[in-house]
Amino acid sequence: MKIMHCPLNGPRNISEFIYGGELKAMPDPAACNDREWADYVFYHDNQPGVVTEWWLHAPSSYWFLAERNTLTDEILHTFEPQDIFQQRVEFATGEPRS
Amino acid sequence: MPFALLKYGLSSHYPDEVDLPPPAELKSAYDVVIIGAGGHGLAIAYYLARYHGITRVAVLEKAYLGGGNTARNTAVIRSNYLTPEGVRFYGESVRLFKNLSNEFDFNIMYSERGQLTLAHTDATVRAFRQRAEVNKHFGGRTEMIDCQQIRELVPTLNLDPGHLPVLAGLWHADGATARHDAVAWGYARQAAKRGVEIHQLTEVQELIVEGGRLTAVKTNRGTVRCGCAVQAVAGHSSVLAGKAGFRLPVVSYPLQAMVTQPVKPFLDPLVSSSGLHCYVQQTSRGEVVFGGGSDPYPLYSSRSTLELKESLIAHAIEMFPFLAKAKLMRQWAGITDMTPDYSPIMGESPIENYYLDAGWGTWGFKATPICGKTMAELVATGRVPELIAPFHLERFANFQQVNEMGATAASH
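So the sequence lines, in the order shown, correspond to chains A and B. In terms of numbering that gives the first Met the number 0, the first sequence opens at residue 0 and continues consecutively. In terms of numbering that gives the first Met the number 0, the second sequence opens at residue 0 and continues consecutively.
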């Protein structure tokens, strides 16, 4: 059974976790154009090797980050989002652009 | 003819039939370089040589011919998709498949068995109605059937698997299977006969782009200049695109499948369940092939996991309980390049003379002939054929996706 270390809950079975995509910088939804937004939503590096990605521990709804090798499936390191994000990310966009 | 046969029979020397010429040195330049000698890459090479007279073509393969997803898919051919774009495209592919054995003079063992998809929820029944109507509109043979008809088609199927009783079925009479290796070999042989060079164990290490144009391809056997190039590398699409300097809307996931020991024929149609995420077919050798959805997270390793195998077998046994006694013979995985809308990416790329045949996720084998034919037309003429225009890479930036998720995910 494959085990992942959740920063909040400790070692748990991998089946309790849901993959959440590569870590990438989000453009400002209010200011960016459609292409930049499509690039953020749809496009991925998707390269073999060590990547940083979002994971969710589903039973506790806890999002965190993991460094994983996508060639060997080794989970190298898991950590809390606070280690990267110093302040809260605001998703409010105001009025939608027409 | 009988006389020639007699002469041949009495001859002391039988000429060897050469399928593929022995490996030669790489030339310094080609008109077209195709990266990836799977079904798709070889099909493009064949149609270029056959219909467009372009034979200064090299197909470069880092491993061996047809050894990637061409050999790992579960060989399902069907066109019962949801969108008009998808139904037209895959419908044309089914039509080409029917004549491939003749075209190759080589038996690909095309077998039109029909494909049955099971609905376990009202929502799926509604989606099936829509698919049946879209299919009929474009000349496909697809219809809704009830449980009695399902029972007649597949008497061994359990219609009441635990928590998910079967409500209805989508019967696709055009559904078929073929020997996937033979498709690659057939294309390779016919392409090689017309002068196309197929170079195995030739890995593309670098794509040399100058001023927005691809000028050469650097391999482990030297650098070759090229007029243009096509990438057809399935799970490794993002890797090659990365070498060319752009990203793709693709994530690479493993897809696992397996096959049992041969048993007596009991299953004619290809059966797939949308609710149980499992599809089952019996090969002409009697082996039962199971496949399911992709793995839950991305990976570039074709290892297998016990969790996925267990759940896939559990679902297969719910559909055919007596298979619990069958022994598994082989199991494997392939790396699939999944797109957000479950449709492929074909056509131009951000590099002027570099073409994409990518995003084939779990639906690549069934499109082999038509993808090869249309991509060859694009490479030869520089114009995007109408049939593949909706599958352009730019559809993601323009928010014009071709959503085939319901007709593709885990139902192949």
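Source of the hints: derived by calculation from the structure; they are not laboratory data. Each hint should be verified, as a subset may be incorrect.
From the structure, some residues in chain A lie toward chain B, with a derived Cβ separation under 8 Å [unchecked claim]:
hint, residue
1, Asn45
2, Asp72
3, His76
In this text, a Cβ means the ideal position worked out from N, Cα and C, and glycines have one as well.
For each hint, the structure was consulted:
Restraint check, Asn45 of chain A versus chain B: the minimum CB separation of about 4 Å is within 8 Å; hint holds. With its C-beta approaching chain B no nearer than about 6 Å, Asp72 of chain A sits inside the 8 Å limit, and its interface hint holds. Given hint, His76 of chain A at the interface with chain B, is violated; its Cβ is 16 Å from that chain's nearest Cβ, farther than 8 Å.
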